[in-house]
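With the hints as constraints, model all of the structure from the sequences given.
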Amino acid sequence: MVSLQSIDHYEFKEILGTGAFSEVRLAEDQRNPGSFVAIKCIRKKYLSKSQNSECAIKEAESRKESLNNEIEVLRRLRHPNIVQLFDVLEDAECYYLVMELVTGGELFDRIVQKGSYTERDASALIRQVLLATEYMHSQGVVHRDLKPENLLYFSPADDSKIMVSDFGLSKIENNESIMATACGTPGYVAPEVLSVNEGSSGYGKEVDCWAIGVIAYILLCGYPPFYDENDHELFRQIRMAEYEFDSPYWDNISDSAKDFISNLLQKDPKKRYSCVQALEHPWIASNTALDRDLYPFVSEQIRKNFLAVKRWKKAYNATAVLHLLRRLQLNKSNSTAEKSTNSTDSLSTFTFDEDKLAEIQCKQLKSNSIDKQDKLPPKLQTSCSSPSSLSSPTRPPEIKPFSFNNITDEIKNIEKNDNNTT
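When the letters of the sequence shown are read in order and numbered with numbering that gives the first Met the number 0, they come out as residues 0 to 421.
In case anyone wonders, no lab produced these hints; they're calculated from the structure.
Possibly wrong hints are sitting among the right ones.
What the hints assert, rightly or not - In silico DSBU-like links for lysine-lysine, alpha-carbon gap of 35 Å or less:
no. : residue 1 : residue 2
1   : K146      : K266
2   : K43       : K63
3   : K269      : K146
4   : K160      : K57
5   : K257      : K146
6   : K170      : K160
7   : K266      : K160
8   : K44       : K113
This is the structure we're talking about:
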């Protein structure tokens, strides 16, 4: 599993992100100065049992299995639209996953920053995701957690490619094992995943195609096809594939785009488009995607429905990394300037107050967009508004982050409610 190379070849810089059991850090390869990578550091103590209870032992084994699975999956994949694993190293304290560094930021952040955005742009984005996913499937890998947050731009360049990331929930599909674990992110999860406790035979790679359909829907309107503040109702909508192309919000979207989405959001996975079929659809393969600017409405909805305070923090992290890389390159090319720089420019003090930034940007959001009384599709309106009166502006809802911690219990409650009504 682990390479014989030494982690000492890398000089660690800034922390890019943290998780429950790991952190991701920017690092420079000392063998190739100026070459940067992202290194995921997993402390070994989190992979060993903290006590001798059966629960602790199972939890430690589960973490080890999850890490081994992620490494096995990433080692299988070599595609221009998939974040690459270069190496796996270890020392006495940690395992290190040496990953390709991407600096372009998340999908939604870039759309909001663009200034113009068309259906044709959305088609080009989805095509790249389909190409990556079709390749994954050809290698026997199912991602199981495709969502906009896991779609990153490789660089800040305007023509940057999209990269699929985060394979923590991915699975290698084979004839000997059946995927029957309820996992993913609720707004993007396929109906068959919600049926794993009903004696179903499990699910397959079709779940990724469903998720791409959800992403395509959001990219064209800025809000999700399935939403409810009550998880029971959200799961019911998904299980029934109950969504609308709401008027007037979808009136200017091509019939070709709607047909494309409809073929991906098929309740029956056997009738759902595969990646190959989706890539052949006219909205992707031909010139049926319209060039009309969708930016004003879509960007506003993305801001309100997805870019909450935590998302702004993440966006700033990406910007901070880019500035750091530029500073490093500047320092390397001008040693005299480096000597005269004051201490606030040194790497050891390169920090930023995320909470203060989030507070400032939250105020900007509230003053610039959230307080604007824009109209929303009826299913996204708050209970105090009148769904029937589209001419009357309504306050957008505070869409809560999706949580999938208790999905098994939620499914059981849905089934119980369904039985009580029949």
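Going through the hints against the structure:
no.	hint	in the structure
1	K146 <-> K266	19 Å, holds
2	K43 <-> K63	9 Å, holds
3	K269 <-> K146	22 Å, holds
4	K160 <-> K57	40 Å, violated
5	K257 <-> K146	19 Å, holds
6	K170 <-> K160	25 Å, holds
7	K266 <-> K160	31 Å, holds
8	K44 <-> K113	43 Å, violated
Violated hints for the displayed structure, listed by number in ascending order: 4, 8.
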